[in-house]
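**Student:** Please build the complete structure, drawing on both the sequences and the hints.
There are 2 protein chains.
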Amino acid sequence: MEQERVSKEITPRSQDFSQWYLDLVLKAEMADYGPVKGCMIIRPYGYAVWEHMQADMDRRIKETGHVNAYFPLFIPKSYLEKEKEHVEGFSPECAWVTIGGGEELEEPIATSEAIICSMYAKWVRSWRDLPILINQWANIVRWEKVTRPFLRTTEFLWQEGHTLHATAEEAQEETLKMLHVYREFSEEVLAMPVVWGPKSESEKFAGAHKTYAIEALMSDGKALQAGTSHNLGQHFSTAYEIEYLDKNQERARPWSTSWGTSTRMIGGLIMTHGDDTGLILPPRVAPYQVVIVPIPPRKGDWSEAVLPKSREVMASLRATGVRVHLDDRDNQQPGFKYADWEMRGVPLRLELGPKDIEKDQCVLVRRDTREKIFVPLTEMPAKVRELLDAIQSGLLQRARKFLADNTTEVASWEQFKAVMAEKRGFLVAGWCGDAGCEAKIKEETKATIRVQPLDREPVAGSCVRCGQPSPAQVYFAQAY
Amino acid sequence: MEQERVSKEITPRSQDFSQWYLDLVLKAEMADYGPVKGCMIIRPYGYAVWEHMQADMDRRIKETGHVNAYFPLFIPKSYLEKEKEHVEGFSPECAWVTIGGGEELEEPIATSEAIICSMYAKWVRSWRDLPILINQWANIVRWEKVTRPFLRTTEFLWQEGHTLHATAEEAQEETLKMLHVYREFSEEVLAMPVVWGPKSESEKFAGAHKTYAIEALMSDGKALQAGTSHNLGQHFSTAYEIEYLDKNQERARPWSTSWGTSTRMIGGLIMTHGDDTGLILPPRVAPYQVVIVPIPPRKGDWSEAVLPKSREVMASLRATGVRVHLDDRDNQQPGFKYADWEMRGVPLRLELGPKDIEKDQCVLVRRDTREKIFVPLTEMPAKVRELLDAIQSGLLQRARKFLADNTTEVASWEQFKAVMAEKRGFLVAGWCGDAGCEAKIKEETKATIRVQPLDREPVAGSCVRCGQPSPAQVYFAQAY
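Line by line, the protein sequences give chains A and B.
Okay, so the first sequence: first residue is 1 according to our numbering, each after it adds one.
Okay, so the second sequence: first residue is 1 according to our numbering, each after it adds one.
Derived from the structure by calculation, the hints contain no laboratory data.
A quick note: this is a predicted structure, and the numbers were derived from the prediction, not measured.
Hints may be right or wrong, so weigh each one.
Remember, identical chains collapse to one label, so a pair may be satisfied in a single copy or spanning two.
[As the list claims (entries may be wrong)] Once the Cα atoms are required to be at most 35 Å apart in a straight line, the calculated DSBU-like pairs of lysine-lysine come out as:
#	residue 1	residue 2
1	K442	K383
2	K355	K247
3	K222	K355
4	K383	K62
5	K145	K355
6	K222	K122
7	K401	K37
8	K210	K372
9	K247	K145
10	K372	K145
11	K299	K247
12	K27	K122
13	K27	K247
14	K27	K222
15	K62	K372
16	K204	K37
17	K37	K145
18	K122	K37
19	K423	K442
20	K27	K177
21	K440	K355
**Tutor:** Take a look at the structure:
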């Protein structure tokens with residue numbers, strides 16, 4: 001009965017997707033609203049997911065030759081002084097930090113580019129100083145009108161890479177390298193398949209020569225931009241007057257890139273895998289990969305046999321490197337605990353009762369398939385490892401199938417509108433390359449061009465909207 | 001000659017300590033000034049030190065039962081709206097983030113307490129929700145009039161723990177537990193010995209029941225507060241109306257603590273170990289523990305034998321978990337490289353030339369003692385490990401000796417003034433407990449009470465300034 005009580009609190013996904021998402025975020029204690037609109041607290045359970053993501057992403061960023069640094073929040077003193085004149089009685093110890101924001105979540109804000117490029121202008125003197133391959137992990141503030149935890153908040157956490165190169169070719173290579181780091185991370189760690197490629201002119205980052213993105217498909221059929229990589233050409237090195245002496249002792253301008261991913265990916269994770277019972281977390285980022293629920297005996301005390309054995313099991317699992325938690329709350333029934341951890345998306349539940357102990361076994365229950373497996377305790381650690389791997393790859397497969405099932409090659413404008421009205425997803429269609437035509441499609445169907453795919457051969461044809469020649473198909477979708 | 005060229009750039013410590021410090025910070029590329037006064041960029045070399053510190057501190061914080069979370073920067077919307085009225089033409093996408101600062105670097109600012117306590121008031125309902133043991137890694141902004149990289153900057157990085165407990169005893173236990181975590185971290189990781197204990201009333205954090213600190217002694221004889229731990233009593237839980245139902249179903253107020261350490265510790269590290277040649281980094285936080293400098297043959301190409309062998313040596317060291325860097329710059333002489341890495345404080349230099357390769361040996365040079373050791377290549381990895389351990393403990397011993405040599409038990413006010421005028425350091429002296437007396441001592445000698453020591457038995461006597469009875473001696477020093 002307890003189990004039902006918890007499940008019922010989650011709004012069914014089919015009934016109200018947006019409320020379902022918020023229920024998962026709040027009830028699984030991934031995040032909470034702050035006292036100020038649009039501000040989010042990342043609670044310990046959600047932050048642990050971020051820590052696992054961050055550790056893995058950081059390793060990938062370093063393995064591709066980058067180093068971390070920290071650039072300050074930018075404080076225009078003139079604003080501060082202006083402020084002091086206006087706000088009477090405002091303590092002089094207080095600082096106003098002003099940060100410019102934009103409408104697009106994944107865009108590096110002007111202040112990052114301003115502070116970082118102005119430092120690069122100071123640091124780079126000779127061709128020997130290139131390439132500059134710096135990343136930073138930071139918080140960032142944007143003024144957003146409509147906010148949703150993880151997806152669009154006034155403040156979020158991210159990593160942003162900013163690189164300088166001697167040639168245009170190197171900058172382009174770097175841009176694509178990081179796009180693929182993001183793609184692999186998304187698939188291998190988050191089990192979140194993506195399509196990837198360049199953005200159209202109207203969707204690219206202002207000032208970029210070319211913007212590339214990875215785009216994932218959420219279970220409501222909308223696309224989520226989960227990471228961007230910009231080839232900035234010489235735009236910013238010109239604006240911030242970055243110059244160096246090349247091998248011929250001549251003055252030259254470097255080529256730059258920037259790329260970023262954020263806590264927004266956690267929102268993608270939730271909307272890719274979650275179901276009506278709650279979160280489903282891929283083992284690689286789950287704070288707890290296994291939760292042990294001890295079943296008390298009908299009569300007698302659980303601390304005599306069940307609890308000591310559970311602790312033993314926990315220790316043996318922990319020794320193999322598995323992140324395991326023992327739910328020894330004595331004021332809750334097993335049924336309540338099952339539902340609680342299902343809601344929090346723990347990949348595997350391990351049940352252990354007096355009868356199991358008699359038989360020297362335990363019960364493992366998969367969160368993704370709900371499959372129940374009886375395992376001798378001696379084989380348990382190996383089985384847990386095997387099941388965690390199976391869940392990780394199973395989630396990716398399931399999401400890949402969903403993405404494939406919801407990717408429609410559309411041949412006509414009528415079909416385009418029908419698919420957008422019905423199930424959405426990715427629509428593969430021809431496009432003439434005209435921004436006006438792109439704008440009309442968005443106006444009439446909410447679909448925008450997500451990427452020009454790099455994962456499939458270009459097929460020439462005609463524009464789905466106007467019928468003019470199309471050099472290649474693009475991916476359309478309604479975006480978060 | 002190259003060597004001299006680099007060394008000469010560093011101002012001798014005895015000549016101008018403050019300039020010596022800045023030379024080390026800037027020339028070793030630990031940090032750089034930002035375009036706005038008081039803003040610091042932590043450059044990759046400095047940030048790598050911070051990453052090693054952070055990883056170790058984070059492990060200690062988690063091992064003592066804490067979890068990480070992330071609380072937002074606080075944005076009072078009323079200020080924002082007020083601002084919009086005043087600043088004409090200011091884009092509505094821009095957000096003003098206002099953060100209150102204080103004079104004392106180690107004090108948690110009001111906004112942290114405000115946002116965190118207001119969330120705790122929402123989360124805590126029952127005695128089963130206690131204790132709350134949350135830490136966060138964050139950036140923080142303070143408006144400071146006089147700034148110095150790492151020691152006092154407009155923005156810095158830190159960790160801040162905020163805990164809630166059911167009893168006053170538990171809160172006190174937590175306060176001391178974290179003080180000792182800081183103490184052990186400082187000694188074991190930074191090789192920076194400290195004295196520790198409670199602050200006097202006038203030096204404690206406003207609103208705290210009791211503030212404890214660790215204080216290190218810099219090589220100019222001034223003390224650096226390197227970490228604080230506050231027992232906040234019920235002050236903040238009362239102010240933010242945090243309440244819960246205790247085991248008897250009665251409403252109760254929890255007891256809270258907060259504690260923090262910051263990038264300021266990097267400044268302490270530099271001023272504890274550095275010398276006129278540059279930084280000296282303890283192996284546990286050194287970005288590179290060993291740098292290999294290949295010596296080219298007098299005639300012929302170094303890429304034939306020296307460079308391949310150096311790469312081999314690097315691989316064999318890296319396989320044992322040592323952080324090693326091969327300096328294969330082909331436009332610099334070995335002498336220049338020696339000086340460069342000495343300046344950057346790399347604990348061990350490994351020299352490898354044609355003659356060494358003939359003899360199947362290499363030369364290891366310690367940064368701390370400059371001792372030169374010839375080692376057969378087969379024994380090299382074991383010797384490197386042994387020397388790194390020896391350098392780590394040697395630095396701590398040296399710093400402990402310095403602290404002991406510069407701790408003076410003073411019996412008279414004349415002696416107090418003489419020691420402060422001459423060599424400073426820690427002055428152990430009686431104090432009557434009166435804040436007015438404390439203020440006079442500061443006014444006349446710049447010395448403040450750093451801590452009431454917990455590392456030595458209290459010795460009763462008389463106040464060094466006024467002669468009134470003193471219940472115990474305290475540590476005085478001029479503070480950073």
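**Student:** Confirm or reject each hint.
**Tutor:** How the hints compare with the structure:
| no. | hint | in the structure |
| --- | --- | --- |
| 1 | K442 / K383 | neither (49 Å within a copy, 67 Å between copies) |
| 2 | K355 / K247 | between (77 Å within a copy, 33 Å between copies) |
| 3 | K222 / K355 | neither (47 Å within a copy, 67 Å between copies) |
| 4 | K383 / K62 | both (33 Å within a copy, 28 Å between copies) |
| 5 | K145 / K355 | neither (56 Å within a copy, 69 Å between copies) |
| 6 | K222 / K122 | between (43 Å within a copy, 33 Å between copies) |
| 7 | K401 / K37 | neither (37 Å within a copy, 54 Å between copies) |
| 8 | K210 / K372 | neither (49 Å within a copy, 53 Å between copies) |
| 9 | K247 / K145 | neither (50 Å within a copy, 44 Å between copies) |
| 10 | K372 / K145 | neither (46 Å within a copy, 64 Å between copies) |
| 11 | K299 / K247 | between (83 Å within a copy, 25 Å between copies) |
| 12 | K27 / K122 | between (49 Å within a copy, 14 Å between copies) |
| 13 | K27 / K247 | between (60 Å within a copy, 25 Å between copies) |
| 14 | K27 / K222 | within (23 Å within a copy, 51 Å between copies) |
| 15 | K62 / K372 | between (40 Å within a copy, 33 Å between copies) |
| 16 | K204 / K37 | both (28 Å within a copy, 34 Å between copies) |
| 17 | K37 / K145 | both (9 Å within a copy, 32 Å between copies) |
| 18 | K122 / K37 | between (39 Å within a copy, 16 Å between copies) |
| 19 | K423 / K442 | within (16 Å within a copy, 74 Å between copies) |
| 20 | K27 / K177 | between (38 Å within a copy, 32 Å between copies) |
| 21 | K440 / K355 | neither (66 Å within a copy, 75 Å between copies) |
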